[in-house]
Amino acid sequence: MAGHNESILREPLITGENITYSKITEDILVPVENKPNKAWWIGFSVAVFFALVWVVSISYTFYVGLGTWGLNKTVGWAWDITGFVWWVGIGHAGTLISAVLLLFRQNWRNSINRSAEAMTIFAVICAATYIIAHMGRPWLAYMVFPLPNQFGSLWVNFNSPLIWDVFAISTYFSVSLVFWYTGLLPDIATIRDRATGLRRRIYSILSFGWAGSVKNWQRFESVSLILAGVSTPLVLSVHTIVSFDFATSLEPGWHTTIFPPYFVAGAIFSGFAMVQTLLLIARKVMNFENYITMFHIESMNKIIIVTGSIVGVAYLTELFIAWYSGVEYEQYAFLNRVSGPYWWAYWSMMTCNVISPQLFWFKKIRTSIWASWLLSIVVNIGMWFERFVIIVTSLHRDYLPSSWVMFYPSLIDVTLFVGSIGVFFTLFLLFLRVLPAIAMAEVKLILKTSSDQVKQKQIRDGKIKPEQAELYQESLEKFDSVDYLKV
Amino acid sequence: MGTHNHTHNFNQQFEFTGKAKTWSLIAIIIGVVAIAYGFLFDHSEHHAERTFANLLLMGYYFTCVCAAGAFFLALQFVAQAGWSAGLLRIPQAFARVLPIASVVLIVIIIAGLYSHNLYHHWNQEGIAQEGHPNYDYLIAQKASFLNAPFFIGRQIIFLGVYSIFALLLAKYSYNEDTVGGLSNYHKSFKISAIFLVIFGFTTPIWSFDTIMSLEAHWFSTMFGWYNFAAMWVSGLCAITLTVILLKKAGYLSWVNSNHLHDLGKFIFAFSIFWTYVWFAQFLLIWYANMPEETVYFYLRWEPEYKPWFWLNIIMNFLAPVLILMTRDSKRQMSVMTFVCIFLLCGHWLDYYMMVMPGTVESHRTFGITEIGIALGFAGLFTFLMLSKLAQKPLVAKNHPFLDESLHHHI
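Chains as they are written, first to last, in the numbering used here: chain A, 1 to 487; chain B, 488 to 897.
No wet-lab data here; the hints were simulated from the structure.
Please note that the accuracy of each hint is not assured.
[Stated by the list, open to error] Here are the computed lysine-lysine pairs in the DSBU-like style, where the Cα-Cα straight-line distance is at most 30 Å:
| # | chain 1 | residue 1 | chain 2 | residue 2 |
| --- | --- | --- | --- | --- |
| 1 | A | K478 | A | K465 |
| 2 | A | K444 | B | K674 |
| 3 | A | K463 | B | K752 |
| 4 | B | K629 | B | K735 |
| 5 | B | K879 | A | K302 |
| 6 | A | K73 | A | K302 |
| 7 | B | K752 | A | K465 |
| 8 | A | K302 | B | K884 |
| 9 | A | K302 | B | K735 |
| 10 | A | K478 | B | K677 |
| 11 | B | K677 | B | K506 |
| 12 | B | K677 | A | K302 |
| 13 | A | K457 | B | K674 |
| 14 | B | K658 | A | K465 |
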């Protein structure tokens, strides 16, 4: 975007009157510097309860073994891998928002990147729990690494995409963590400078001695750009390799060449939906309406339409090519998805991922906070179904009709999944308490160019063509945070 | 906000005369001669198939580059991009050539179908009739989709719709020049969104038809996006090259190295995207090693094609990545000129690798027909595009984001 020559047609990224640098700090640090409110405690208690459910379920799984899951000899991979892929997908939006939008110079990323990146890290942690859980004997987890060992011929299979996953996900997690933490440094230093006593000591250590000098900032800028460049291919590689877990096989419904970009698009789709789910609540509870504005919400909804439609193209392409291929196994796999015993899963997926996001074409819906939140939940559900459809419906009726079965999840399957959501929210709510949920330093960067108050001043000073000024004022009507003009 | 820089002449128009005109006309003549040679004087076996294969290759390439111009325009509007406002007239000229390119492509396809020189894998007498000596079980299954009337109908509908949107986008922009205001901007925004949806949902089918059905037994879900990537990269290269050449000829004073840098980033990023889809398609087929899929790469690994197969990936991936990695290289006209020409040749090879093994098969050649027809179409595109460009001012002076574009700095 255009810095000091930013067009008035661009909607504001910061609203509110008399916003100053210090007001930004004050506003954003409220949840960090004060005792949590009731809403936080309620949310946290619920999250911790489910996290405990997870602890019990995973302990039970480790104690008894994978027989606690609903798997059978035909469907040897089901609810658990669905959960894994769902979480890894969600773990995409954070780095995408940060890295790709930074490369594209999209300033609206500045208000949402911090929480999105945090979300990424927690989602990848949840995904990693499934990898460990899959092992059955987690104390042997180190055997996924190619370590020299005394076990004779036991050595990782480098031809397997599962081992590529180990490297892709661990690299992605490390880089995401570094990217997120580097971005946090100036903000942690701000907290440090305002804190006293023990908190000051803790934040002082965490801030790595950030002094805010020119040199600090210069290096900060260049390391951010380098990390953005490094993490962009990583974002793509992670879900590409997750898709290879399926697509390299000979399984009808799994082996299709469009899988890599289709999985990446689906991951971005689900990631943005989860960001929407979290931020729409966070902005309300923590009073961030001036920083996460209607423009941010609408932009994310637009990305949801685009990625939802890309996923839709992929679904239709798969269906069409299954027919076109003339391969009867492929044809049956897709016929079975659409009209077999799991038809409801397929149609839930189609409705939630492709059809319902099209509602965002209506401006009324994409600028309604309630509708956006509900649709984001719908997308989260749809993306879970997508993985379920790909995995279970492809497996449950294989080449040999005598082995056809249905898959039914066990109680542990369900509690592990619900519990992992508890783990995720526990971590996210803790994050909101101890670190700023919005990148203060980065929001301050755009105050002088992209805030409503600057734009209003330009209009008052008569620097703007009347027609454009009028359009700008009209665009503010949808902003729930701009009521000072409507009086 | 008026512009603060008054040295630009926003009514400047391109004059299509001199060397550009002469050379593009000469190239067209070379093309015509090469086509005549291919049909009439080349007495080798398969000369008609070979000429048709080259015509299809270049007709498709020509259409793709023009369609990429329309896609570029629509994308800029929908993304509310500011940086590109000053150079929109170039992709607009591309978009305005799209109807002509579409007609050329459709004529080639119809002639190829009815003379049985193209699409012979599915377009043969009795191929879908049980008991006929030409009967092919797999093709018969998809004959309801792959049959000449429906095939031609789809081409006409897809290309017709793309052309209408391309012309509308250009029209609104010219209206904006005369009436000013924002109404044309809003209209452009709306039809861009509609166009992108239609384009996104139909281009995979269009490339399944035009190119994938040359080898009608083979199928790959990725093929549509793979072709889209090739279209987009070659379109970006053609746009960039046109911008640079105009700039060198003393036009476009408002375009500077910052804009070039952004175009370079696009070329860099989408060359990697092209490689990503190319590689994903290749890897998955190679890994699973199923005969109905590997047949595609098997043909391309025959001795006639194998060196070109690897050259394709080297030209279109390694070259842009290694050359365009640094910031400086994306900001220099000479480097960018080289990369654009190189990639335009690279994507010719990419299309060549898509078309030839399914048409001329092992009788692959590279000679007068290939070079001549490629030059002819390049000349035709240049001539038509520059004629369109010369009709209107070189900048959309009332574009609401023009001021951002003038002060673009990265």
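Quick rundown of the hints versus the structure:
1. A/K478 with A/K465: holds, 22 Å
2. A/K444 with B/K674: With Cα atoms ~35 Å apart, A/K444 and B/K674 exceed 30 Å; violated.
3. A/K463 with B/K752: Between A/K463 and B/K752 the Cα gap is close to 33 Å, so the pair fails against 30 Å, i.e. violated.
4. B/K629 with B/K735: Violated. B/K629 to B/K735 sits at ~52 Å, over the 30 Å cutoff.
5. B/K879 with A/K302: violated, 34 Å
6. A/K73 with A/K302: violated, 43 Å
7. B/K752 with A/K465: Violated: B/K752 and A/K465 sit about 33 Å apart, past 30 Å.
8. A/K302 with B/K884: Answer holds: A/K302 to B/K884 is near 28 Å, not above 30 Å.
9. A/K302 with B/K735: violated, 39 Å
10. A/K478 with B/K677: Within the cut-off at roughly 19 Å; holds.
11. B/K677 with B/K506: violated, 39 Å
12. B/K677 with A/K302: Status holds; Cα separation ~14 Å.
13. A/K457 with B/K674: Satisfied, since the Cα-Cα distance of roughly 29 Å is no more than 30 Å.
14. B/K658 with A/K465: Holds, because 24 Å separates the two Cα atoms, which is no more than 30 Å.
Comparing the model with each numbered hint stated earlier shows that hints 2, 3, 4, 5, 6, 7, 9, 11 do not hold.
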